[in-house]
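Heads up: the sequence lines are chains A and B, in that order. Just so we're aligned: 543 in my numbering is position 543 of the first sequence, and the numbers increase by one with no gaps anywhere. Just so we're aligned: 292 in my numbering is position 292 of the second sequence, and the numbers increase by one with no gaps anywhere.
Calculated directly from the structure, the hints in this document are not laboratory data. The C-beta atom is built at its ideal place from N, Cα and C for all residues, glycine as well. Hints are supplied without guarantee of correctness; some may be wrong.
[Unchecked claim] Sample of chain A residues with no beta-carbon within 10 Å of chain B, all distances over it, derived:
1. Leu157
2. Ala311
3. Cys325
4. Thr475
[Unchecked claim] Stretches of chain A that chain B covers, calculated by requiring three or more beta carbons in the stretch to come under 8 Å of a beta carbon on chain B:
5. 81-90
6. 164-178
7. 317-324
8. 496-508
9. 512-526
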Amino acid sequence: MVAALNRDLPFDRFVIEQLAGDLLPCASTEATIATGFHCNAMLDPNLRWEAVLDQVNTTGTVFLGLTVGCAQCHSHKYDPLTQREYYGLYAFFDSATIGDFELATPAEKATRDAAQAGVDVLKKRRTDYEATLKESLAAWEQGLSAEERAKLPAPALAVLSTTNRSPDQVSQLVAARASTDAEHQAMSRAIDELAQQVPKLPATLAMRAESRTTRLFVRGNPERPGDEVAPGVPAFLPPLSNANSTRPTRLDFVRWLVAPENPLVARVAVNHIWQRYFGLGLVEPVNDFGVQTPAPVQQELLDWLATEFIASRWSVKAMHRLIVCSATYRQSANARPQLQAIDPANRLLARQRRLRVEAEIIRDLSLSAGGLLAPRLGGPGVYPYQPEGVLDGRAGKATWTTSAGDDRFRRGLYTWTWRLTPHPMLPLFDAPDATMACTRRDRSNTPVQALTLLNDPTFVECARALALRAIEASTVETETGDRARLARAFAICLSRQPADAEADELLRLLAEQRAELASGEDARKIVGGEGPADIGTVNHAAWTVVCRAILSLDEFVTRE
Amino acid sequence: MRDDHNESRATRRQFFGRCGVGLAPLALASLLDDEAVGGEALGGTSAQGGLPAIESPTGARMPHFASRAKRVIFLYMLGGPSQLDLFEPKTELAKHDGEPIPESFLKGVKFAQIQEKQPRLMGSPWKFARRGQSGLDVSELLPHTAGIVDRLSIVKTFRSDDTNHLFAELQINTGWRQFGRPSMGSWVAYGLGSESRDLPGFTVLLSGMPPRAKSANYATGFLPSAYQGVPLRSGGEPILNLTSPAGFSPQRQRRTIDAVNALNTRRLEETGDPEIAARIAAYEMAFRMQASAPELLDLSGETEATLSQYGIADRSQPSFARNCLLARRLVERGVRFVQLFHGDWDHHSHLGTGLPNQCRQTDQPSAALVADLAARGLLDDTLVVWGGEFGRSSVAQGPKDANVGRDHNIAAFTMWLAGGGVKAGQTIGTTDEFGCAATSDSFHIHDLQATILHLLGLDHKRLTYRFQGRDFRLTDVHGNVIEKLLA
Numbered sequence: 001m002v003a004a005l006n007r008d009l010p011f012d013r014f015v016i017e018q019l020a021g022d023l024l025p026c027a028s029t030e031a032t033i034a035t036g037f038h039c040n041a042m043l044d045p046n047l048r049w050e051a052v053l054d055q056v057n058t059t060g061t062v063f064l065g066l067t068v069g070c071a072q073c074h075s076h077k078y079d080p081l082t083q084r085e086y087y088g089l090y091a092f093f094d095s096a097t098i099g100d101f102e103l104a105t106p107a108e109k110a111t112r113d114a115a116q117a118g119v120d121v122l123k124k125r126r127t128d129y130e131a132t133l134k135e136s137l138a139a140w141e142q143g144l145s146a147e148e149r150a151k152l153p154a155p156a157l158a159v160l161s162t163t164n165r166s167p168d169q170v171s172q173l174v175a176a177r178a179s180t181d182a183e184h185q186a187m188s189r190a191i192d193e194l195a196q197q198v199p200k201l202p203a204t205l206a207m208r209a210e211s212r213t214t215r216l217f218v219r220g221n222p223e224r225p226g227d228e229v230a231p232g233v234p235a236f237l238p239p240l241s242n243a244n245s246t247r248p249t250r251l252d253f254v255r256w257l258v259a260p261e262n263p264l265v266a267r268v269a270v271n272h273i274w275q276r277y278f279g280l281g282l283v284e285p286v287n288d289f290g291v292q293t294p295a296p297v298q299q300e301l302l303d304w305l306a307t308e309f310i311a312s313r314w315s316v317k318a319m320h321r322l323i324v325c326s327a328t329y330r331q332s333a334n335a336r337p338q339l340q341a342i343d344p345a346n347r348l349l350a351r352q353r354r355l356r357v358e359a360e361i362i363r364d365l366s367l368s369a370g371g372l373l374a375p376r377l378g379g380p381g382v383y384p385y386q387p388e389g390v391l392d393g394r395a396g397k398a399t400w401t402t403s404a405g406d407d408r409f410r411r412g413l414y415t416w417t418w419r420l421t422p423h424p425m426l427p428l429f430d431a432p433d434a435t436m437a438c439t440r441r442d443r444s445n446t447p448v449q450a451l452t453l454l455n456d457p458t459f460v461e462c463a464r465a466l467a468l469r470a471i472e473a474s475t476v477e478t479e480t481g482d483r484a485r486l487a488r489a490f491a492i493c494l495s496r497q498p499a500d501a502e503a504d505e506l507l508r509l510l511a512e513q514r515a516e517l518a519s520g521e522d523a524r525k526i527v528g529g530e531g532p533a534d535i536g537t538v539n540h541a542a543w544t545v546v547c548r549a550i551l552s553l554d555e556f557v558t559r560e
Numbered sequence: 001m002r003d004d005h006n007e008s009r010a011t012r013r014q015f016f017g018r019c020g021v022g023l024a025p026l027a028l029a030s031l032l033d034d035e036a037v038g039g040e041a042l043g044g045t046s047a048q049g050g051l052p053a054i055e056s057p058t059g060a061r062m063p064h065f066a067s068r069a070k071r072v073i074f075l076y077m078l079g080g081p082s083q084l085d086l087f088e089p090k091t092e093l094a095k096h097d098g099e100p101i102p103e104s105f106l107k108g109v110k111f112a113q114i115q116e117k118q119p120r121l122m123g124s125p126w127k128f129a130r131r132g133q134s135g136l137d138v139s140e141l142l143p144h145t146a147g148i149v150d151r152l153s154i155v156k157t158f159r160s161d162d163t164n165h166l167f168a169e170l171q172i173n174t175g176w177r178q179f180g181r182p183s184m185g186s187w188v189a190y191g192l193g194s195e196s197r198d199l200p201g202f203t204v205l206l207s208g209m210p211p212r213a214k215s216a217n218y219a220t221g222f223l224p225s226a227y228q229g230v231p232l233r234s235g236g237e238p239i240l241n242l243t244s245p246a247g248f249s250p251q252r253q254r255r256t257i258d259a260v261n262a263l264n265t266r267r268l269e270e271t272g273d274p275e276i277a278a279r280i281a282a283y284e285m286a287f288r289m290q291a292s293a294p295e296l297l298d299l300s301g302e303t304e305a306t307l308s309q310y311g312i313a314d315r316s317q318p319s320f321a322r323n324c325l326l327a328r329r330l331v332e333r334g335v336r337f338v339q340l341f342h343g344d345w346d347h348h349s350h351l352g353t354g355l356p357n358q359c360r361q362t363d364q365p366s367a368a369l370v371a372d373l374a375a376r377g378l379l380d381d382t383l384v385v386w387g388g389e390f391g392r393s394s395v396a397q398g399p400k401d402a403n404v405g406r407d408h409n410i411a412a413f414t415m416w417l418a419g420g421g422v423k424a425g426q427t428i429g430t431t432d433e434f435g436c437a438a439t440s441d442s443f444h445i446h447d448l449q450a451t452i453l454h455l456l457g458l459d460h461k462r463l464t465y466r467f468q469g470r471d472f473r474l475t476d477v478h479g480n481v482i483e484k485l486l487a
């Protein structure tokens, strides 16, 4: 996904691959595994419909901006969407199976298949042997010594005394016999050994077409299937064109979704992008373009952005550029008394809005300020430092071994997510939990966040690194030199120069800390050992104190 | 240039000082000043959403009228405890055990999971007795609660609107069945501020299974960020990053925060963004918590008698019992609203083992908390609430074997309240012979919310906040104070 966004894959194509890449003619591996993101629900083989419902609801929320999930149990209370139409959408995703897609060359697969075939042969032999064990069960029973009987597992022992045995009970006896049979054990060992040699190929989730008859769930209850429903789209939207097939497929659906005639998708998409830059969508909330939501104040702007988006061949990067280069985006975020009375919610966009950045980005920014960020793209998830005790109390197994090398400093995007016990910094700074699609995050502002910015070892490490970058700005050990260093730190962190009062405040802090840290062990503790010889431990530590303050500023974690 | 700049800044400062949105230096000074925790009457609905210009977002404020309770401890039982096995003995239910429920009881009833057309009634396998002087019914599963019944009002007839845990949780905790509204604790912190300068006015303690709606149950919604519920973690350090890094003495930490706040204050003057005021307050609170929270969390000063009263076997291990003791320590330190979350009471199956297990974890500490508050003279003005998002069905879910359970019941479920102006030793509300629905005194959980606010001296209709052009309140457009609960 990162690669697709980076090369500015046109948004319509992106959506097609996300929802139905596997169905494209001559689907590439990339297109097929693109469907994996949409499969990333709570998967339970016994509750398959839950994942399908999630896919439908997510599609509705994210691409159509509609609360389609409301129509799961009954027709939508407000919007023109019947329950039957909901299951028409459901049918597209129902005719698919979520499974592992192997990322391997044909040669690798052939090697694996050959090895697996060997294992299967041995398994077949063992099964045949078990059949002979079963046939001669009576003789075996009679020949059992008291000692041998005592070694049998209790359930099997109980079966021995029954005469009218069920097939299950017979199987139990066969298993008991096999467990004491030397030849059977040898066969099992051989199978285990060979099985270990079968190479495990990397795999990822993907969708695969598999036709199913979809039935409506009466009152949304999967255990009460009702009428059969054919795949279809809501009547209030343009009709589906499926000239090529009698029964429309998921690919027909997604082509319909991103067709220029569809009035929603482009508007919903640009509204999402807008929200990221202005805090609120032009349509608010962004996940509901339904009739309950007030019409946007800036309707024409929304329409224009949507048509520009399509006209630019759905270039997401062009849309970002268009917005960030606009005069509206570049306005000051400062509150103005006269606006407060006229437009307190800033719907008219007479100013920008200050936005605290997202959880992952707070850490990315600090790493970047310290010059520590490893900007490498892609690859498996990484395990940065996290405090003790996060995985305590989990029922399922989960481990966390802090990554080695600069994998610790990858962007937050790559941090491994245990769905039930995410990295604690994520929920602390309002990252959503990973159970359902989230179209807007809250922004809380708590003392525990302040404690984390001040005290979390990751941020202290960033402050030390930023200190070294700042110190490099000057070789002059005078106040002039320190001012240049502070200016460097401000430029890195805040993209501006310090005001005189700010510089005075922080240089006073610096001077005090240099004096205080000159004696005692604290300087070494702060820099985690000795500072570089040419800088000196005390100087490094004093600058670390100052840089930690800068990294804790509201302005640093806020997009203004 | 510089003069112009200063002039415009001064104007802005006056502006923000006047209308109270920005908390410029004067207000900020009071925010950080010990003496400012004074109190100022709530002004009903003003243009600022029911509050006068807020000098300090978290300082204590006067209620609308004389309060009976100064603080609340809400023992939130996630998943829906089975009232029919805990507080509601039903002889008819036991008599007809195993029989299909008469159809007349199924009108309008929506089960969450049961599919059968006519599921079978199930009496409680546990024994009940009348307890205390007041003679209230409590089952053998709650021997310790039985010991404090004379202090309780047991309400048997609460009702809610959603059979889905997630939305039912949201409704009871935020008054609304979707995400985005402020939680009860946030409303209270907004209405009354906090009497604690050193700990968050709304503190959340988690044990067992986390709530389905996660932090939305204690979120601040559209209220200012300072009223957010601050959760203490259930594993590891209860408060993340409470310890300063190596080499940072309290003095050095203080000096750093002073510098941060000085620059943040400057930025606040420049931008007029109230979030900066909230962040300055958060850094101050963070520093105070570093000093106060270790003392709060250090249970070494608690006597063995107290620990065994609560049933705390190991004071270092997280548990509901430890959280109950922490709740007492929090309210002792002036925290306004403490909410414990503990689960899971969602016994669709294995009621026979699961319910006693939950009771073992919660009965003793819940009762100990009430008794301990009373012994310390705190119960008179501390309201304790016990209950979950709904109750459980009078019919069995699944075949009646060791795995049998009960489905949800949103039409009538039990909660108890104690202290803080609540009448002691009484039962309120009656249900039909099988405990399916109320036959008298049915109360919506909006009524519970209205009553909690009332006991705190807040009129739920006047505690409003203007957001996107509308005055919002905890009880939405509903809610009546439950007069029978009041002492």
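How the hints compare with the structure:
no. : hint    : result
1   : Leu157  : holds (24 Å)
2   : Ala311  : holds (33 Å)
3   : Cys325  : holds (23 Å)
4   : Thr475  : holds (26 Å)
5   : 81-90   : violated (count 0)
6   : 164-178 : violated (count 0)
7   : 317-324 : violated (count 0)
8   : 496-508 : holds (count 5)
9   : 512-526 : holds (count 9)
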